[in-house]
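S.K.: Residues per chain, in single letters:
There are 2 protein chains.
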Amino acid sequence: MDLDPVLARIDADLPNALERLMTFLRIPSISTDPAYASDCDTAADWLVDDLKSMGVAATKRTTPKHPMVVGHAEGSGTHVTFYGHYDVQPVDPLDLWNSDPFDPAIEETPNGKVIRGRGAADDKGQLMTFVEACRAYHAVHGKLPAKISFFFEGEEESGSPSLVPFMKDNKDELTSDLALICDTGMFDPKTPSIATQLRGLLGEEITITGPSIDLHSGMYGGAAMNPARVLVKILASLHDGKGRITVPDFYKGVPQMDPALKAQWDGLGFDDAGFLGKVGLSKLAGENGKTALEMLWARPTCEINGMISGYTGDGFKTVLPSKASAKVSFRLVGQQDPHEIRKNFRTMVQEMLPEDCSVEFQDHGASGGVQMETTHPAFEAARTALSDEWPNAAAFVGCGGSIPIAGHFKEYLNTDAMLIGFGRDDDAIHSPNEKYDLESFHKGIRSWARILHAIA
Amino acid sequence: MDLDPVLARIDADLPNALERLMTFLRIPSISTDPAYASDCDTAADWLVDDLKSMGVAATKRTTPKHPMVVGHAEGSGTHVTFYGHYDVQPVDPLDLWNSDPFDPAIEETPNGKVIRGRGAADDKGQLMTFVEACRAYHAVHGKLPAKISFFFEGEEESGSPSLVPFMKDNKDELTSDLALICDTGMFDPKTPSIATQLRGLLGEEITITGPSIDLHSGMYGGAAMNPARVLVKILASLHDGKGRITVPDFYKGVPQMDPALKAQWDGLGFDDAGFLGKVGLSKLAGENGKTALEMLWARPTCEINGMISGYTGDGFKTVLPSKASAKVSFRLVGQQDPHEIRKNFRTMVQEMLPEDCSVEFQDHGASGGVQMETTHPAFEAARTALSDEWPNAAAFVGCGGSIPIAGHFKEYLNTDAMLIGFGRDDDAIHSPNEKYDLESFHKGIRSWARILHAIA
Chain A
1 MDLDPVLARI DADLPNALER LMTFLRIPSI STDPAYASDC DTAADWLVDD
51 LKSMGVAATK RTTPKHPMVV GHAEGSGTHV TFYGHYDVQP VDPLDLWNSD
101 PFDPAIEETP NGKVIRGRGA ADDKGQLMTF VEACRAYHAV HGKLPAKISF
151 FFEGEEESGS PSLVPFMKDN KDELTSDLAL ICDTGMFDPK TPSIATQLRG
201 LLGEEITITG PSIDLHSGMY GGAAMNPARV LVKILASLHD GKGRITVPDF
251 YKGVPQMDPA LKAQWDGLGF DDAGFLGKVG LSKLAGENGK TALEMLWARP
301 TCEINGMISG YTGDGFKTVL PSKASAKVSF RLVGQQDPHE IRKNFRTMVQ
351 EMLPEDCSVE FQDHGASGGV QMETTHPAFE AARTALSDEW PNAAAFVGCG
401 GSIPIAGHFK EYLNTDAMLI GFGRDDDAIH SPNEKYDLES FHKGIRSWAR
451 ILHAIA
Chain B
1 MDLDPVLARI DADLPNALER LMTFLRIPSI STDPAYASDC DTAADWLVDD
51 LKSMGVAATK RTTPKHPMVV GHAEGSGTHV TFYGHYDVQP VDPLDLWNSD
101 PFDPAIEETP NGKVIRGRGA ADDKGQLMTF VEACRAYHAV HGKLPAKISF
151 FFEGEEESGS PSLVPFMKDN KDELTSDLAL ICDTGMFDPK TPSIATQLRG
201 LLGEEITITG PSIDLHSGMY GGAAMNPARV LVKILASLHD GKGRITVPDF
251 YKGVPQMDPA LKAQWDGLGF DDAGFLGKVG LSKLAGENGK TALEMLWARP
301 TCEINGMISG YTGDGFKTVL PSKASAKVSF RLVGQQDPHE IRKNFRTMVQ
351 EMLPEDCSVE FQDHGASGGV QMETTHPAFE AARTALSDEW PNAAAFVGCG
401 GSIPIAGHFK EYLNTDAMLI GFGRDDDAIH SPNEKYDLES FHKGIRSWAR
451 ILHAIA
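So the protein lines, in turn, are chains A and B.
Residue numbering for the first sequence follows the numbering used here, beginning at 1 and increasing consecutively.
Residue numbering for the second sequence follows the numbering used here, beginning at 1 and increasing consecutively.
Pulled out of the complex, with its shape left as it was, chain A reads as follows (with noise of 0.2 Å):
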């Protein structure tokens, strides 16, 4: 199928591919916050018809929690399968907030257009990268370029409890030559990116209980055990004074990096004191002598991503607090085990407790660190297409976050996953003014067209 007319396509139905992602991000899918459940529905009921709107067989199929999308078009070729997801994270703080993070809006900033809204990056501005790009073959030849199967989730953003499940129920229908997904970032706005390695997530939240009520500080100050002392004991001995993590085996597993693969990252130039800068920062905060690409896409990690005791109102309470709870997450590489490091982890906290305190452990899900098959010939077609594209050439490249779904589709499918995505590191997902550049969602749906083109 011809290339060209795709494109022309896409640049002039812009204005109305903007309308639609401006529909499905007024949708506040927030999965992780149970009153959000039935605007999770909404979100893929929406889905499944703008599917079917090209020609797409779409159903909507339930799970436990919120519903899964699936899609098939019928096409020769190679049969690629993309995820994305539909859900997104909570927007508190709601004050920091310039606008309704759920009433998107396109908007000028000296770096140009940006459409700004929760989620309008992570992930529903670049799921609808490849959905526009599909739509726009559909409106010039009449069908997709290729075989193509749509698997979008809504519990991304909440440690995706049904989602291996349902790739083991669905495992027939689900298996593709190549699995397609659209939630990463480009190096830089010039150069796109392939990630390459992906670092897993471990979620723990622990709570530990010293007396059975709230006491007062006065009456009891001194001699009775205080719950807050205790979890920031542990919390604060999780690393040691080089920035490496304490808890027992913990490095077990993290590869040595690839001398040629470290040369390749060295030579991307990446603008530390920008990156920082930023977000206010002026310091690596990583490891002692690892370079910040290397903190960032190669090294594990543990840290605080919410704590509370006691009263945390205004004013003052003078109180000892009977609970204190922290949520603690670990970021994995290569061959660690996260369900061994759990644990240990839990194992270490025990060790700590003094005999007048207990704790509960919540699991918030685990997955270990990906690396993908670049052998595999797509990823060479791919970098071409997207070359095409863009200012630069496109740059191999690892990935702090966690998208265990990469690592799903190799190990329950059997299926080779390539991740391209079109986010900057400003879009500030998961903070208050996310936002997804104009020019990341427009040469977002044209570097699709151009990839299902070179792999097709």
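One or more hints might be untrue.
To be verified - Straight line, CA to CA, 25 Å or less: simulated SDA-like cross-link-like pairs of lysine to any residue:
no.	chain 1	residue 1	chain 2	residue 2
1	A	K113	B	D363
2	B	K283	A	T209
3	A	K283	B	E287
Said to hold, decoys possible - So, partial list: chain B residues that the calculated Cβ filter (under 7 Å) puts toward chain A:
no.	residue
4	H216
5	S217
6	M219
7	G401
Just so you know, these hints were derived from the structure itself, not from any lab.
Each residue gets a CB set at the ideal place from its N, CA and C atoms; glycine is no exception.
Given chain A, work out where chain B should sit, using these hints.
M.R.: For chain B alone, coordinates are given in the frame of chain A:
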């Protein structure tokens, strides 16, 4: 004036006294939360009206925050000023209350009847023991037994910002021969107590900022500074392995324990196991080598009263928080200088701060420890009066809580203060399901009638 008919009147009028207390308890006068400002005002009005009903010239006096109530009754003999506070603590966590905190009720318990509700013990119930004793004198003898001034504040649970300025501005009006303060407890349910030393309180809130916005823990984790990690490191460093506080020069001004007083305290037979067991604990958690009563009455403390950072809702959010904050308080004894300690604490925090973090401090008040003049003859008179009412002889005790008003009477009005209260250790003040025993209320009223008779 005859005491016996006053005691008889107290017994006969108890149901009405309880009704009055219930009405008072229904006013949600939470002083620390601005949403309840008008309720604080209502509580003050209620007190003014109640004092007027027994012939006291009472007025509500505005302050920049919550009003004071001041009243005067003419009489002969010793001029005493009675102090209490009409404000109460916040009620969260509300879901741990078995009933509405502001819909008080009399409940049967295995230990007898209790008055359940926020403020029942701290301090509305205690305050009313004195008021009801005066009401009985007025009913029987047509006047109060001495020249009595009343001084009620509404900011005790929120740092008393208006108290000292008000005392200074109204020095002549509030000065008397002796201040009576009812905001403390009994040593045990059979042993009434006169508190002769109280700990001071220093409140600080620290907020550490790292990145300028919340960050995605995958995109930035490992390279960017996490202020929650900085906060827990600071908080964990505040105590050494022996339970001693590490703020520089912290123990300057902490007195050696007087051997005679220590012998007296040791002789009280304090039940460590029972004290801790009631709240689900079993081990003393304070400084090595100190007894429980020393930890509670004679030693300073440092406690985390609250902390918060990042995402604390349901589920999980892979965020690197921009901010992390904690409310920290110090209980102080002897000659410890709260202002010096605040300065040293802030310097210590600043020195632990990495280059990329900033810190803001919020001052939540400061008061030093207080030591009573037990040689004042009223102490002996009150001890005898209390011993007449209760099964055991009255004891001189310490108080772990901070009642800055006692020090203020001495410092600003040159008036000695006597702290007598009828609370019990299990009153759950500042906690869910606060209560005050009916016996505390009834015999508390009778105790004040006896004390006024003895010292008038």
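S.K.: Any hints from earlier that this structure breaks? Give me their numbers in increasing order, please.
M.R.: Violated: hints 1 and 3.
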